[in-house]
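Here the protein sequences line up with chains A and B, keeping their order. With our numbering, the residue at position 157 of the first sequence is 157, and numbering never jumps. With our numbering, the residue at position 652 of the second sequence is 652, and numbering never jumps.
It is possible that some hints are incorrect.
What the hints assert, rightly or not - Here are the computed lysine-lysine pairs in the DSBU-like style, where the Cα-Cα straight-line distance is at most 30 Å:
id	chain 1	residue 1	chain 2	residue 2
1	B	Lys255	B	Lys106
2	A	Lys154	A	Lys323
3	B	Lys255	B	Lys210
4	B	Lys210	A	Lys81
5	B	Lys590	B	Lys295
6	B	Lys517	B	Lys230
7	A	Lys50	B	Lys210
8	B	Lys106	B	Lys517
9	A	Lys323	A	Lys306
10	A	Lys72	B	Lys210
11	A	Lys50	A	Lys72
12	A	Lys50	A	Lys81
13	A	Lys50	A	Lys90
14	B	Lys106	B	Lys294
15	B	Lys517	B	Lys590
16	A	Lys50	A	Lys333
17	B	Lys357	A	Lys323
18	B	Lys106	B	Lys210
19	B	Lys255	B	Lys295
20	B	Lys230	A	Lys188
21	A	Lys319	B	Lys357
22	B	Lys390	B	Lys590
23	B	Lys357	A	Lys50
24	A	Lys188	B	Lys210
As the list claims (entries may be wrong) - To give a feel for the contact side, a few chain A residues facing chain B, derived at Cβ under 7 Å:
id	residue
25	Glu88
26	Ile157
27	Val184
28	Met185
29	Gly186
30	Ala199
31	Glu201
If you're looking for bench data, these hints aren't it; they were derived computationally from the structure. Positions of the beta carbon are idealized from the N, C-alpha and C atoms, including for glycine.
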Amino acid sequence: MNRVSRVAVGIGVAASMMTAGIVPATAEVDFSGQTIEWTIPFSETGGSAKWANFFAPLLSEAMPGNPNVVVKFMPGAGSTKGANWFQEQKHTDGTVMFGSSGSTQFPYLLGDPRVRYEYNDWNPVMASGTGGVAYLNAEDASLFDGSANQLKGKTFIYGNQRITGLDLIPALAFNMLGMDVEHVMGIKGRGDGRKMMEAGESTVDYQTSSSYLSAVAPRAEAGEVVPIMTWGALGADGSIVRDPTFPDIPTFKEVCEATDGCATSGDAWEAWKGFFIAGFPSQKIAFLPAGTPQDVIDTYATAFAKITNRSDFAEISAKRLGKYPVFVGADSKTALDGALQISDSARSYVTGWLMDDFGVSLK
Amino acid sequence: MQVFIEAIPALIEAWGLILSPAVLSYLLLGVVMGLAIGVFPGLGGIAGLSLILPFMFGLDPLIGLALMIGMVAVVPTSDTFASVLMGIPGSSASQATVLDGFPLAKHGQAARALSAAFASSLFGGLVGAAFLTFFILIARPIVLEFKSPELLMVSIFGLSMVGILAGRVALKGFVAAGAGMLVASIGEGPFNGELRMSSYDYPYFVDGLKLVIVGLGIFAIPEIITLLRKDQAIADRPVLGAGWLTGVRDWWQNKWLSMRCAIIGVVVGVIPGLGGSVVDWIAYGHAVQSTKEKKDFGAGEIRGVIGPESSNNAKEGGGLVPTLLFGIPGSGSMAIFIGALALLGSGELEVGQTMLKNNLNYTYAIVWMLGLANVFGTVLCIALSGTIAKLTNIRFALIAPFIFMIIAFAAFQSGQDLMDLVALFAMGLIGILMRRFDWSRPAFLIGFVLANPVENYTNNATQIAGIRFNRGLEAGFEYIASPINITLVVITVISVVVGLRQAQNIRAEGKVASGGKRAPLMFLLAMIGFIVYALIDTASIPGYAFVDAIFPVFVASVSLVAALVLLVQMMLKPETDDVFADREAGDEAKEMRFGLWRTLAWFAGLLLATSLFGFMIALTGFLLLFFHLRACVNPFRTITLSALGILFIMFMAWLLNRDFPQGLLQTMTTLPWPLG
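Excised from the complex, chain A in its bound form:
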């Protein structure tokens, strides 16, 4: 590298810090001299990255001694790589943190052979959720009357990312509603599903709350697409209630109740609900590794509580994460336990359905 370009980089550095405000976390004065490394098992562009990048500076402020909080990315194998890595981490000084997501939870619950991590070994300190919205194009939506009864004669096309991932939720929901859905398997991400819907190649789609708000809601306002249901949110009593971000859109539970042949009890419903709880209301969880002493866990819990108690928290988080509860400390442990409670019957129902309808064997 020559002098000119070195100077150029230097200018860039100074300019970027001033104008764009991307002051790196190291610029923070670190009283305790420690750096917390928060590893996210996905790439820099996903939802988990947005989530961690939202909390990292707040955590740095809230932790005693204002340590640096650095978000690191370890993408691979749909987060299995990073989670397997975290399983091997031992407590040293409390500076290692990990963020899992629904995509980490599903392979674990389904007994994927590549999973070498054990959720119950880890110590949750914060959990937060999201929701999802399913929508149709305007023409098909005219057949939707709050129930899926009139949708039954039609064949829908759905872009499916991975049937053993979060797309299990919509796929099982469509199946329970008796909709005839052809799955185009192996699309690259939910963004591709949205694009296929825009090009008219697919005819049913779902997006998580933040993507729905930014990319689909404008089209819904223009009347091009119509939301038919959300997956709902988890009420205090453990039942499914309307999603607070979309209070006007009925939940899958309501649509199911209104649809002939769809039951909100029994194996199928219990399986759907179990996987929904595992995948959405506590979708992203921050963990400390196995063997972390209680005082360290408490320090983190207090810090996260400090963040959620900020007077402006509701406002800043609604913009970036949606209106969903954030569980801290002991509540996050409860949330995790809820997310991991898949009954054997629900699991075997889903594995059987995956084998029958998709030919997927988890061996």
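Since the structure of chain A is already known, use the hints to place chain B on it.
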């Protein structure tokens, strides 16, 4: 008319967007960095974008775009310095400029050649930007109709260009592209996550190889190693001389040639995957054909400078067409550009149809930036030509260690794994051998870049087509045989036919001598070995996950047939045939002051030392030893230069909050940053 009226507000809004001091200063910064990257032989757009990639995360989208466009736009302007003054292409885009630019400089007309080149570059760049504007206007309504089959066809069209790139032995280019696609297939299959040519015991390969590593390895490393082996003496360099105005006048007299070559640049740039590696040769060929008096070509004909230089800046505008319109990279550097775009802001920008639909103002902001950057670049090149010319006087042995340091750092950022460096070294070795035996490296990179879209769109298109054909023949044909798609098929077929006929005249990497049979044969056998391994490995993917196997098995089978035909050719033909091309057998080998393996050993040493002691300790030792033993500078400069390098890399790492590769030592003891 309608489309034009609709676009005008977006164009004006885009102009307003970029007219902020922050955006303009970043554009200027990008231009300065692009000029610097372009001056150095071996470094082009891929290397430049890889270096700034880590800075992109979370940056304001406009500012990030300004930085990247500024850099990409002017590399073909400043790479002329090296081509004219040193007789070495400053980047792959100005290889043809050397043919007449260097002789002109030897006749004391360097300034004339440079100013003609800058005038042509500026003109070409502006033509490219204008074309991009126009193309977006007319193509936008059509592009918004594109579905998976059309996007697949655009990618296949890009792949079909391998025929043009292949050079004298078309089959070699074909196999190279196949190998590129197979390398891109390494890792988890995109559909069922079935492993291809990798294992969980070696987790590095599960994620596949990153473009940054393949691009730097295949393109940058072979060039740098070659230059380092030559280590040209300073006395060879001509002086600038006078004649700045003569050069501009030369350009004006040849403005129509310049215009035609700019259009050639735009059109070639539009073709996905082809990028800049051939455009200068095509333009040069046109300049020769359209000149009556041909005797001066190769000895200092100014038209031989104006042609390629008009085309290589114009191609950036063309290259942005597939990139922005379809999200399919126009070239290797555009592939990195797409990756970088996803990092900007909160990831709201997404090239392709979404951007045309929702962010038309950003799309046009890119056009304006492209035009402005070309103007900035030309002005700076002329204003600073004396200083920049001096840069080319620095011995390459004094620059190379820094380039290697930065490439290693950039490669390590892609996966934060020591294996990144091993992979970089391995790809570099493959690149060196491909260059030596005249296997098309652009074809390899096209295969690597387009493998993903082709596999992805094939998957979506075939499944949807299947579903629609089940519904009825009409629904099926309506989907796959749309007028747009039929047009694309026709264009592809025509381009393949024309391309294969023209390929004989295009030497993407110059002339190569032929030599003994053994070395080229061994390289071919190694290629066949890799293809057979890929075939066996992916064919053994269990039946329930067969979708993950289709693409690599198909590519490997076809490549294997082509490679076996090559093998038969080698058995039948004499050793003077083109199929036995070997640079080490020709004149180039005689220019080399140092052996290949001795030069490469320096970097193998850096790698080995890193695995033992970590990057910082290894780098310190490497810099000190290299400057002392290889560059033979005095102890004071050795220490100063090494210290500067170390400080720079520490500054970068601190700024980006990144670690350095760790070695065995770091696993045993805890060392303070940056050593640990």
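Hint check:
With a C-alpha separation of about 25 Å, the suggested pairing of Lys255 of chain B with Lys106 of chain B holds against the 30 Å cut-off. In summary, the hint linking Lys154 of chain A to Lys323 of chain A is not supported, as the alpha carbons are separated by about 34 Å, beyond the 30 Å threshold. Proposed proximity of Lys255 of chain B and Lys210 of chain B is contradicted: the alpha carbons are some 42 Å apart, above 30 Å. Between the alpha carbons of Lys210 of chain B and Lys81 of chain A the distance comes to roughly 17 Å, so the proposed pair stays at or under 30 Å and holds.
Proposed proximity of Lys590 of chain B and Lys295 of chain B is supported: the alpha carbons are some 28 Å apart, at most 30 Å. The hinted pair formed by Lys517 of chain B and Lys230 of chain B meets the criterion: a straight-line CA distance of about 25 Å does not exceed 30 Å. The hinted pair formed by Lys50 of chain A and Lys210 of chain B meets the criterion: a straight-line CA distance of about 23 Å does not exceed 30 Å. With a C-alpha separation of about 37 Å, the suggested pair Lys106 of chain B and Lys517 of chain B falls outside the 30 Å cut-off, and the hint is violated.
For the hint linking Lys323 of chain A to Lys306 of chain A, the alpha-carbon distance of about 18 Å falls within 30 Å, and the restraint holds. Between Lys72 of chain A and Lys210 of chain B, the direct Cα distance comes to roughly 18 Å. Compliance with the 30 Å bound is thereby established for this hinted pair. In summary, the hint linking Lys50 of chain A to Lys72 of chain A is supported, as the alpha carbons are separated by about 12 Å, within the 30 Å threshold. Our distance criterion of 30 Å between C-alpha atoms is met by Lys50 of chain A and Lys81 of chain A, whose separation comes to about 20 Å.
Note on Lys50 of chain A and Lys90 of chain A: the hinted pairing holds, with a Cα-Cα distance of about 26 Å set against a maximum of 30 Å. With a CA separation close to 20 Å, the supplied pair Lys106 of chain B and Lys294 of chain B stays within the 30 Å bound. A distance of roughly 19 Å separates the Cα atoms of Lys517 of chain B and Lys590 of chain B; the hinted pair therefore holds under the 30 Å criterion. At most 30 Å may separate the alpha-carbon atoms for a hinted pair to count; Lys50 of chain A and Lys333 of chain A meet this at roughly 23 Å.
Of the pairs offered as hints, the one joining Lys357 of chain B and Lys323 of chain A holds, with about 28 Å between alpha carbons and a cut-off of 30 Å not exceeded. Pair hint Lys106 of chain B plus Lys210 of chain B does not hold up; C-alpha atoms about 41 Å apart against a cutoff of 30 Å. For the hint linking Lys255 of chain B to Lys295 of chain B, the alpha-carbon distance of about 21 Å falls within 30 Å, and the restraint holds. Between Lys230 of chain B and Lys188 of chain A the CA atoms are separated by roughly 46 Å; this puts the pair beyond 30 Å, and the hint is violated.
With a CA separation close to 23 Å, the supplied pair Lys319 of chain A and Lys357 of chain B stays within the 30 Å bound. A C-alpha spacing of about 27 Å is found between Lys390 of chain B and Lys590 of chain B, which places the hinted pair at or below 30 Å, so the restraint holds. This hinted pair checks out: Lys357 of chain B and Lys50 of chain A have alpha carbons roughly 24 Å apart, not beyond 30 Å. Among the hinted pairs, Lys188 of chain A with Lys210 of chain B is consistent with the structure: their alpha-carbon atoms are about 17 Å apart, no more than 30 Å.
At about 12 Å, the closest approach between the beta carbon of Glu88 of chain A and any beta carbon in chain B exceeds 7 Å, and the interface hint on this residue is violated. Given the 7 Å rule on beta carbons, the hint for Ile157 of chain A holds: about 6 Å separates it from the nearest Cβ of chain B. Interface restraint check: Val184 of chain A against chain B, minimum CB-CB distance 4 Å, threshold 7 Å, status holds. At a threshold of 7 Å, the smallest CB-CB gap from Met185 of chain A to chain B is about 6 Å, leaving the interface hint in force.
A least Cβ separation of about 3 Å between Gly186 of chain A and chain B falls short of the 7 Å threshold, and the interface hint therefore holds. The closest approach between the C-beta of Ala199 of chain A and any C-beta of chain B is roughly 5 Å, which is under the 7 Å cut-off, so the hint is satisfied. Interface hint status for Glu201 of chain A: upheld, as the beta-carbon distance to the closest one in chain B is roughly 5 Å, under 7 Å.
The structure fails to meet hints 2, 3, 8, 18, 20, 25 from the earlier list, while all remaining hints are met.
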